[in-house]
Amino acid sequence: MKFTCPKEKLLKAIQIVQRAVAAKTTAPYLSCIYMEAQTDKVIFRATDREIMIQYELPVETRQTGKALLPARYLGDLVRRLPNMNITVEQQLPDQVFLFRYGNSQTQLIGMDPEDFPPMPALEYDQQLQLLAGTFQKMVHQVSSASAVDSIRPIFSGIYLETSGDRQLNLVATDTHRLAFTSTKLPVALSGSKPVSVVIPTKTLLEVTRLVEDEESLLQVYIGTNKVIFLMEAVTVVTRIIEGQFPNYRQVIPDTFTTRIKANTQLLYEGVDRATLLAQDSNKFASNVLKLTTKGDTLILESFSQEIGRAYEEIPVYLQGEELEIRFNGRYLLDALKAVDAEEVYLDLTGNLNPGVFRPADGRDYIYLVLPVRSGV
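Counting in our numbering, the sequence shown runs from 1 upward without gaps.
The hints are simulated quantities; they were obtained by calculation from the structure and are not laboratory data. Everything numeric in this text was worked out from a predicted model, so none of it was measured. All residues carry an ideal CB built from backbone N, CA and C; glycine is no exception. Honestly, I wouldn't trust all of these hints.
Unchecked claim - Estimated spans, in silico, between C-beta atoms of each pair:
id : residue 1 : residue 2 : range
1  : L205      : G102      : 33 to 43 angstroms
2  : N247      : R80       : 46 to 56 angstroms
3  : E8        : G133      : 38 to 48 angstroms
4  : L205      : R62       : 51 to 61 angstroms
5  : S163      : G133      : 20 to 30 angstroms
6  : R273      : S104      : 14 to 24 angstroms
7  : E8        : Q167      : 35 to 45 angstroms
8  : H140      : D296      : 25 to 35 angstroms
9  : S182      : L205      : 18 to 28 angstroms
10 : I299      : D125      : 47 to 57 angstroms
11 : G133      : T64       : 32 to 42 angstroms
12 : L122      : P253      : 21 to 31 angstroms
13 : E306      : E269      : 51 to 61 angstroms
Using the sequences plus the hints, can you model the full thing?
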């Protein structure tokens, strides 16, 4: 192997795939980055068995070959190199690699590259494509509703489903809240069956972080047990979470008895301040906010014996019955962050049923939050 490229391009390639390197592992190759120099490019690849990231760096190589180098030292070394052209060269027949820069050089010892798993074949049942920026926004809108740690893995992922040949829905829930967003695909779905898969939230967030051009096309290939994302020079492969995602449609209310319309930013700021004063050592009382409607005013209240009390008045437009209800303030903040509209609806049916946040501009997005029954 021998190739030369600018330090910043080499570092970018390493940093992209390094996100998939296993933090702790008993398999040494999982802590490494695989490199393969081909005629007109160098392929970089890393995996933790749940996600695999590959990046293709266009470069003219002087000698083809493969390498498997420790990710930590490879990344730290290249980050410290001067901003100039770097030559990477293998000292055959050993797994020893020289990094030449100016009149200096550093040597890294690698492992057998044949130990590293190959990129899975592009076998799929369905294919869909959409703008990378659209998918990025959709993932961010629902990801906060998925479970961080759950004994049921199905809740630690995001559900992707299609309806018809042009509609893509993303749904996430941790059983205390649920987020749903939908978009129309620019190109009809390829495949005879509708898409219905759950993908780890962590993986989808990594995909969104790798988006450089929001107008670029993201291609998604769904197979029997894996999904492959292709965008420009990056390929991401992830497993599909096994299990049946719950019927989310049956928990979304289709009517309301109270509708609150508010300025999203004003409501967010009020909830943020009130939640600050809602911290409590008792986890069942922590973050609880009481919402009370009084004419065209929404009153937010929180209390902590250890910190103090908060009282906020938010101007709103009220339609329907007045009520008093309690929510986890953190969940409300996540919902309001995700709405991405100047004004928001909060639809309620009594104080025991979930509250549903919707953009007031009518976009197809909801964030459902279950009420709590203790607190202020």
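Each hint, compared with the structure:
1. Hint check: L205 to G102, Cβ distance near 39 angstroms, so the stated range 33 to 43 angstroms holds.
2. A beta carbon spacing of about 53 angstroms between N247 and R80 agrees with the range 46 to 56 angstroms that was offered as a hint.
3. In this structure the hint that E8 and G133 lie 38 to 48 angstroms apart at CB is violated, the actual value being about 24 angstroms.
4. L205 and R62 have their C-beta atoms about 38 angstroms apart, which leaves the hinted 51 to 61 angstroms range violated.
5. The hinted range of 20 to 30 angstroms is satisfied by S163 and G133, whose Cβ atoms lie roughly 22 angstroms apart.
6. At roughly 55 angstroms, the beta carbons of R273 and S104 sit outside the given window of 14 to 24 angstroms.
7. Between E8 and Q167 the beta carbons are some 41 angstroms apart, a value that agrees with the proposed interval 35 to 45 angstroms.
8. In this structure the hint that H140 and D296 lie 25 to 35 angstroms apart at CB holds, the actual value being about 32 angstroms.
9. One distance hint, 18 to 28 angstroms for the beta-carbon pair S182 and L205, holds here, with the actual separation near 19 angstroms.
10. With their beta carbons about 52 angstroms apart, I299 and D125 fall inside the hinted range of 47 to 57 angstroms.
11. Distance hint for G133 and T64: a CB-CB separation of about 36 angstroms, consistent with the stated range 32 to 42 angstroms.
12. Between L122 and P253, the C-beta spacing of about 42 angstroms breaks the proposed range 21 to 31 angstroms.
13. One distance hint, 51 to 61 angstroms for the beta-carbon pair E306 and E269, is violated here, with the actual separation near 23 angstroms.
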